[in-house]
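Colleague: Residue strings, one per chain:
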Amino acid sequence: MFLDWFKKKKSASVARDRLTIAIMSDRDGRNIYPFMDDMKAEIVEVVKRYIGVRGVEIHKEVDGEFEAISIDVLLDKNN
Amino acid sequence: MGIIIAVISGKGGVGKTTAVANLGLGVAMNDKTCVVVDFDIGQRNLDMILGLENRVVYDMVQVMEGEATVKQALIRSKVNNNLQFLAASQSKDKSVLNSDKVYKLVKELKETFDYVILDSPAGIESGFEHTIEFADAAIIVVNPEVSSIRDADRAIGILDSKSQKVKDGEEVAKYLVINRIVANMVESGEMLNSEDILDILSIKLVGKVPEDKGVIDASNQGKPVILDKNSIAGQAYKRISARLCGKKVEMKNVEVSDSSLFTKIKGIFR
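Which chain is which? The protein sequence lines are A and B, in order. The opening residue of the first sequence carries number 1 in the working numbering; numbering runs sequentially from there. The opening residue of the second sequence carries number 1001 in the working numbering; numbering runs sequentially from there.
Bound conformation, chain A alone:
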C-alpha cells in the first residue's frame, strides 16, 4: 500500500523532468532572437553582391558565461 502511494506520486514529477529537458532542447533549435529572419535576409543580400549564396544558418551558442552566435553562409555550388 505504502509503496503504491509512492509509485503514484512519481508520474507528475517524471512528466516535469521529461518536459523540462524536451523543451530545453526544443528552444535550442529555435530562432533565439526575434530579428533572426531579418538578419539572415540582410546577410544574404550583402554576401550575394560578391558571391552566390544558397542560404544562411545562424546558431546561438552558450559556453559558460560566454554567448556567441555563429553564422554559416552556404555558398552556391556554381561559383
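These are calculated hints, taken from the structure and not from any lab test. Treat the hints with care, since some could be wrong.
[Said to hold, decoys possible] Pairs of lysine-lysine residues, derived as DSSO-like cross-links and limited to a Cα-Cα distance of at most 27 angstroms, are as follows:
no., chain 1, residue 1, chain 2, residue 2
1, B, Lys1110, B, Lys1223
2, A, Lys60, B, Lys1162
3, B, Lys1165, A, Lys40
4, A, Lys60, B, Lys1174
5, B, Lys1167, A, Lys40
6, A, Lys10, B, Lys1252
7, B, Lys1204, A, Lys60
Based on these hints, arrange chain B on the given structure of chain A.
Modeller: Relative to the frame of chain A, chain B by itself:
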C-alpha cells in the same frame, strides 16, 4: 481604442474555443464591449459553442474580401448585448488570409470594441501566425499534460518572433490558462501542478480551470458554461474575465479537492 487578445494553444483540443466563448461573454458581463472572432478558417466551431450557428450570414473572409461590411457580418449574442461574434469561413481555406487584410479587419474592430478576442486555429502554421500578428496580448491555453505544454512552448516561441509588437521592439503580454485540472490527480501526484507548468513555460498565470462535465453539457446547448452558476469551470471563467477587465480577483486553488479538505478536517477530530 480596444485591445486585441489572441487565444492560442499549440495543440488542438485543449479547450481553446470554449475559453474564447466564455472569456468573451465574461468580459461582456463586466460591462465591456467585446467581439470574438473565429480565425479557424475551414473549421468553424465558435458559432456552435455560442449557440449562434443559425445566424451566420456573412463570415470574416467575406468581410476581408470586401463582399460584406463588418457591420453586416457581426452577430449579436442572444444573452448579452455587449458581445458580438464574427464567424470563420467554412468553405475557404487558411491560405486566403494575408497580413494586410487581417490588419485592416482587426484595426476596424479595435476601434469599435473594448476587447477583440481572436480564436486561433490549432497548430503553428499560417492561420496561427495571422492570429498573433497584430495582437496586443495573448492567452495561452494548456492542459496539465506533456504534449499540450510542449506544443504551447513552441507556440509561445513563434509569438515571440512573429508578432508585430515584438518586431516593433515592444512586448506582447502573455498569460496562461491551465484548463481541465483534476484536483485529486494533482494531489496524488498523477497530474502536473500549476507551479511546475509555470516554471517550465516561464509565463504569468491568469487562471486555473477545473475539469467539469458541465462544459460538454453547455456546448451541447450552445450556452457557454459561464452562464451556469453551479459550474466550477464557469466560476473559473468568471474570475479570469474579471482579471482581464483589470479587477483584482484572488487565485482560487482548484488543485485541492473538496473531499480531501473534508478528510483533513475529519482527521483533526480523530
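Colleague: May I ask which of the numbered hints given earlier this structure violates, with the numbers listed in increasing order?
Modeller: No hint contradicted; all consistent.
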